[in-house]
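If you read the protein sequences in the order shown, they are chains A and B. Reading the first sequence from the start, the letters are residues 13 to 297 in my numbering. Reading the second sequence from the start, the letters are residues 13 to 297 in my numbering.
No wet-lab data here; the hints were simulated from the structure. Everything numeric in this text was worked out from a predicted model, so none of it was measured. Incorrect hints may appear among the rest.
Since the list gives no way to pick one copy over another, a pair counts as held whenever it fits inside one copy or between any two copies.
Capping the alpha-carbon separation at 30 Å, the derived lysine-lysine pairs in DSS-like fashion look like this [to be verified]:
1) Lys220 <-> Lys175
2) Lys61 <-> Lys20
3) Lys251 <-> Lys92
4) Lys220 <-> Lys92
5) Lys39 <-> Lys154
6) Lys281 <-> Lys256
7) Lys14 <-> Lys40
Protein chains: 2
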Amino acid sequence: MKLTPDKKILIVGLGLLGGSYARALTKKGYTVKCITRSQSTVDYALGEKMVAYAATVPDPELIGEADLIVIALYPNVFLKWIGEYGKYIKKGAFVTDVTGVKSCIVYEVQSLLPDGVEFIASHPMAGREVSGAQNSDDSIFKGANYIVTPTGKNTEDGIELCKSLGETLGFARISELSPEEHDEMIAFVSQLTHCIAVSLMNANDNEKLCEYTGDSFRDLTRIARINEDMWTELFLLNKKALIKELDCFADQLMRMRGYIERGDAEGLKEMMRTSTERRSWFDKK
Amino acid sequence: MKLTPDKKILIVGLGLLGGSYARALTKKGYTVKCITRSQSTVDYALGEKMVAYAATVPDPELIGEADLIVIALYPNVFLKWIGEYGKYIKKGAFVTDVTGVKSCIVYEVQSLLPDGVEFIASHPMAGREVSGAQNSDDSIFKGANYIVTPTGKNTEDGIELCKSLGETLGFARISELSPEEHDEMIAFVSQLTHCIAVSLMNANDNEKLCEYTGDSFRDLTRIARINEDMWTELFLLNKKALIKELDCFADQLMRMRGYIERGDAEGLKEMMRTSTERRSWFDKK
Numbered sequence: 013m014k015l016t017p018d019k020k021i022l023i024v025g026l027g028l029l030g031g032s033y034a035r036a037l038t039k040k041g042y043t044v045k046c047i048t049r050s051q052s053t054v055d056y057a058l059g060e061k062m063v064a065y066a067a068t069v070p071d072p073e074l075i076g077e078a079d080l081i082v083i084a085l086y087p088n089v090f091l092k093w094i095g096e097y098g099k100y101i102k103k104g105a106f107v108t109d110v111t112g113v114k115s116c117i118v119y120e121v122q123s124l125l126p127d128g129v130e131f132i133a134s135h136p137m138a139g140r141e142v143s144g145a146q147n148s149d150d151s152i153f154k155g156a157n158y159i160v161t162p163t164g165k166n167t168e169d170g171i172e173l174c175k176s177l178g179e180t181l182g183f184a185r186i187s188e189l190s191p192e193e194h195d196e197m198i199a200f201v202s203q204l205t206h207c208i209a210v211s212l213m214n215a216n217d218n219e220k221l222c223e224y225t226g227d228s229f230r231d232l233t234r235i236a237r238i239n240e241d242m243w244t245e246l247f248l249l250n251k252k253a254l255i256k257e258l259d260c261f262a263d264q265l266m267r268m269r270g271y272i273e274r275g276d277a278e279g280l281k282e283m284m285r286t287s288t289e290r291r292s293w294f295d296k297k
Numbered sequence: 013m014k015l016t017p018d019k020k021i022l023i024v025g026l027g028l029l030g031g032s033y034a035r036a037l038t039k040k041g042y043t044v045k046c047i048t049r050s051q052s053t054v055d056y057a058l059g060e061k062m063v064a065y066a067a068t069v070p071d072p073e074l075i076g077e078a079d080l081i082v083i084a085l086y087p088n089v090f091l092k093w094i095g096e097y098g099k100y101i102k103k104g105a106f107v108t109d110v111t112g113v114k115s116c117i118v119y120e121v122q123s124l125l126p127d128g129v130e131f132i133a134s135h136p137m138a139g140r141e142v143s144g145a146q147n148s149d150d151s152i153f154k155g156a157n158y159i160v161t162p163t164g165k166n167t168e169d170g171i172e173l174c175k176s177l178g179e180t181l182g183f184a185r186i187s188e189l190s191p192e193e194h195d196e197m198i199a200f201v202s203q204l205t206h207c208i209a210v211s212l213m214n215a216n217d218n219e220k221l222c223e224y225t226g227d228s229f230r231d232l233t234r235i236a237r238i239n240e241d242m243w244t245e246l247f248l249l250n251k252k253a254l255i256k257e258l259d260c261f262a263d264q265l266m267r268m269r270g271y272i273e274r275g276d277a278e279g280l281k282e283m284m285r286t287s288t289e290r291r292s293w294f295d296k297k
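Throw the hints in and build the complete structure from the sequences for me.
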């Protein structure tokens with residue numbers, strides 16, 4: 013089942029991602045309604061014509077008429093929302109999300125929803141260092157990855173609908189991973205790198221150093237400007253996979269430290285040859 | 013004493029940096045000669061009109077006529093070169109370098125040179141992920157830092173000449189640090205970040221992950237493509253300062269790991285607030 017403009021779409025939570033979804037889908041001719049917490053976001057969204065209708069109250073009628081609901085809330089609020097309002101979703105509707113961790117969320121949401129409502133999880137790997145609907149921008153999806161993470165409970169229809177949502181939003185690559193594969197991957201390519209950037213900025217309080225930095229330092233620490241509420245939730249919800257990756261990284265860092273301390277040039281060069289070769293994988297495509 | 017076009021300039025070692033110096037100075041009307049190891053580089057440099065004269069042999073006459081000599085060799089080869097050919101440098105001449113570490117080099121070079129020859133060390137903080145004169149490009153100096161690291165043996169004339177070389181090359185900021193301050197700074201902003209990128213690429217051999225990376229991972233690992241011979245020398249020559257920074261960073265990473273393991277959201281948020289605030293220092297200017 014492809015996403016088609018006759019489908020009524022409801023976005024819950026109009027932050028950076030929810031807002032960017034709204035902009036993209038409205039531009040493509042879809043009727044998008046939204047529920048979001050603050051009146052100022054409602055006013056902004058209506059003023060920008062990002063949505064056809066916006067409310068701060070989770071009105072059962074509004075929830076009940078939607079064919080596709082995109083939940084764009086922080087993970088813990090997301091679970092609470094489904095527990096409270098999931099019962100108003102109509103039979104035959106589909107629900108998806110934007111959450112950055114999956115295995116700790118997907119099964120619980122699927123068990124909370126009424127029979128006949130299908131939750132098919134997805135992760136749009138896009139973002140900015142700023143938050144809120146006011147910073148939303150549908151160009152962040154260009155060139156980015158959209159990952160669908162089905163479970164045994166999902167149907168072919170649900171998976172196809174979710175992938176076609178990713179295509180409609182303008183993502184460059186749509187792929188499928190299990191929730192567990194997703195969480196391992198995200199622990200390494202995204203969460204670990206944020207841990208590194210945050211730790212690096214915590215390691216030195218010499219403000220004068222910024223006079224001497226080059227591009228490499230600036231690139232490496234760009235993500236040290238971080239939304240602490242969201243990332244703290246994401247880290248804690250993916251604890252096991254993240255700690256595994258942190259430990260692998262720390263082992264390699266200590267291996268390097270050992271070579272430096274012992275003056276083992278050959279050991280250092282071998283690590284650098286490995287990193288040069290592996291980094292080249294990321295230039296392809 | 014300012015650098016003026018009547019000064020005869022000799023560059024020793026026409027790699028990425030030596031070649032970029034040659035291009036910039038020749039464009040500004042200086043007569044630049046060079047000594048470099050391979051005949052193919054000599055042919056290339058003459059073909060490109062980067063230099064007025066180039067030789068593979070360290071001819072005493074060529075060395076003896078220079079007013080300013082820029083040594084652009086790897087640190088260990090640099091020390092060997094000074095030991096062998098320093099005696100040919102004329103009284104009143106100035107020598108500078110491009111080396112990325114200072115305290116282990118500067119005092120030794122100053123003690124090796126004949127009386128009346130002044131070595132004033134400097135570090136052009138510019139580079140690329142590729143090497144060789146064929147990749148040289150004087151636009152790499154634009155917006156970059158040039159650091160002069162004088163000792164008690166240097167004169168006002170020497171320091172001024174070195175700074176005006178940095179200006180002539182087109183650097184954005186010229187500053188002065190002691191060799192020891194320089195090495196501490198470089199251990200944090202440059203060497204540690206390269207250690208991190210190399211360790212990160214060594215921590216995971218899953219080639220498929222590159223399908224899922226976003227800009228943050230790509231930015232963080234750009235410098236994992238690394239010249240293993242040069243960086244191994246630089247790391248080992250700055251062992252003490254680098255190990256100190258590595259340990260500070262590892263401590264913070266383990267602090268973060270502890271918060272994640274114990275589910276300490278407030279501890280994580282505090283680290284993220286610190287990193288967000290400190291990272292903003294680097295956006296200024």
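Evaluated hints:
Taking the shortest alpha-carbon separations for Lys220 and Lys175, only the inter-copy value of 20 Å comes in at or below 30 Å, while the best intra-copy value is 48 Å. With identical chains, the CA atoms of Lys61 and Lys20 are at most 30 Å apart within one copy only, with a shortest distance of 17 Å there and 67 Å across copies. Proximity of Lys251 to Lys92 under the C-alpha cut-off of 30 Å is restricted to the intra-copy arrangement: shortest distance 20 Å within a copy versus 52 Å between copies. With identical chains, the CA atoms of Lys220 and Lys92 are never at most 30 Å apart, being 45 Å at best within one copy and 35 Å at best between copies.
In this homomeric assembly, Lys39 and Lys154 come within 30 Å of each other (Cα to Cα) only inside a single copy, at 15 Å, whereas the closest approach across copies is 41 Å. In this assembly of identical chains, Lys281 and Lys256 lie within 30 Å of each other by CA distance both inside one copy and across copies; the values are 26 Å within and 21 Å between. Within a single copy, Lys14 and Lys40 get their C-alpha atoms as close as 14 Å, which meets the 30 Å cut-off; across copies the closest is 63 Å, which misses it.
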